[in-house]
Structures are given as C-alpha cells and as structure tokens.
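Build out the structure end to end from the sequences listed, making use of the hints.
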Amino acid sequence: QSALTQPPSASGSPGQSVTISCTGTSSDVGGYNYVSWYQQHPGKAPKLMIYEVTKRPSGVPDRFSGSKSGNTASLTVSGLQADDEADYYCSSYAGRNTWVFGGGTKLTVL
Amino acid sequence: ELQLVQSGAEVKKPGESLKISCQGTGYSFSNYWVAWVRQMPGQGLEWMGSVYIGDSDAKYSPSFQGQVTISADKSLNIAYLHWNSLKASDTARYYCARAISYCSISTCYTMDVWGQGTTVTV
Numbered sequence: 514q515s516a517l518t519q520p521p522s523a524s525g526s527p528g529q530s531v532t533i534s535c536t537g538t539s540s541d542v543g544g545y546n547y548v549s550w551y552q553q554h555p556g557k558a559p560k561l562m563i564y565e566v567t568k569r570p571s572g573v574p575d576r577f578s579g580s581k582s583g584n585t586a587s588l589t590v591s592g593l594q595a596d597d598e599a600d601y602y603c604s605s606y607a608g609r610n611t612w613v614f615g616g617g618t619k620l621t622v623l
Numbered sequence: 071e072l073q074l075v076q077s078g079a080e081v082k083k084p085g086e087s088l089k090i091s092c093q094g095t096g097y098s099f100s101n102y103w104v105a106w107v108r109q110m111p112g113q114g115l116e117w118m119g120s121v122y123i124g125d126s127d128a129k130y131s132p133s134f135q136g137q138v139t140i141s142a143d144k145s146l147n148i149a150y151l152h153w154n155s156l157k158a159s160d161t162a163r164y165y166c167a168r169a170i171s172y173c174s175i176s177t178c179y180t181m182d183v184w185g186q187g188t189t190v191t192v
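Same order as they appear, the protein sequences are chains W and B. Taking my numbering as reference, the numbering of the first sequence is continuous, increasing by one, and the terminal residue is 623. Taking my numbering as reference, the numbering of the second sequence is continuous, increasing by one, and the terminal residue is 192.
Please note that the accuracy of each hint is not assured.
Stated by the list, open to error - Pairs of lysine-lysine residues, derived as DSSO-like cross-links and limited to a Cα-Cα distance of at most 30 Å, are as follows: (1) B:K129 - B:K82; (2) B:K157 - W:K560; (3) B:K129 - W:K568.
Worth flagging that the hints you see were computed from the coordinates, not collected in a lab.
Here you go:
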C-alpha cells in the first residue's frame, strides 16, 4: 500500500486556475471512484473539499472541482483566492475499509 | 453539531506507553468507522488504521500493524490509539476522522469530520 503521488508544489496568481494531480494504482484511485481531496491550513485539521471524485460537501465553493482518468485524479481550483493557499491532500478508498493518502501539494497564491 | 473531540497534547519519554482518545458527539458514533491519521512534523497525512465503533473491528495500514493498537468503547462513544512503547519517531500530530465506508444521500467513502488533532512529543 504505497502513498499516492502528488506534486510537492503548485502555484498560481489570484484569479487564475491551478490543477493538482494525484496518481495511484488500479488498487486504489483506478479501482474506485472514491477519491477525496482535503485542504489543510497551517496548524489546522484537514477539511474535506471533494469526495467521490467530483462531489463537493455543503459549503465548499464551486471554484473547487475534481476529476479522474484512469489511475490519476485531479483537483482544479479556479478563480484563485489568497485563502486558497494551503496544503492539499488526495485520498482514495483502497478496499476492505482501508485508505491511502497522497504526499500532499503546497499551493501558493502568488 | 457533528464533532470529534480529541484528548490533549502529550509529552512522554521513549519506552513509555500512551493512549490518546477521540470522542464523537452529534451523531450515532457506534454506526461508523473512525480512522487515525498521523502527520509527522512538516510531513503529509498517513492513514494508520480504523476501528468500527459498533464492534471494535480494527483495520491497520501495513506500516502501522503491530506498532499501535486501535480500539473503541461504544458505551462512551470513544475511539483510542495506543502505544505500548513509544519511540522518538512517534513524535507527530495525530488526527481522528469519521471514515464513511458506504454511500448515503450526503456522502460516500470519505473522511468527512475530523478531530482537532493531538500532538504527541516523545
């Protein structure tokens, strides 16, 4: 059970869009449509932003969207705002009540 | 309000034992899995394992199997993470989260509610 692969960093200017990738295997990302994305600000607990690849919990702006193709999932943040600067983690269900996380991506708003 | 409230920060010596807790409020705690997630200083999130509160069935990541014990007390709505003998490398912040392992109207296979975290320093 290896960690999912994310780029360590991403950046964009206010108003721009940025996409963060998350690559796994056929045993996790590719095998289930159960990829989630979490936002974590420094010193805070993670916050669920996307679940089931594309769905947003109540209260999450529609500037956040998710997609998946094969073993790679992606999170797109549109209309970047200063408060979007945070660490983002993907996670996938991996069967039999097991889970795997990505290594995290630090998003910088320039 | 759905909440997971974790026990306070701990400072321990190598070789000591420790049990930290996570109490759920605002929902039927016993009908869910609770996951424990480690975050070492400056590092990412790692799933350690999960426990089903209703019957204390536990699943572990291979990386943590045998290193920790995850348990639950259904009557108290509490999940626990326990170490028999701490190491310096156990220094981290530990989060609990409600792990949804099915699909409902509002959510599906995700960790939707998180505790505030417990810092363990060894």
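Right, here's what the structure says about each hint:
At most 30 Å may separate the alpha-carbon atoms for a hinted pair to count; B:K129 and B:K82 meet this at roughly 26 Å. Restraint check: the Cα-Cα separation between B:K157 and W:K560 comes to about 29 Å, which is no more than 30 Å; the hinted pair holds. Taken as a hint, the B:K129 and W:K568 pair is honoured in the structure, with Cα atoms around 26 Å apart against an allowance of 30 Å.
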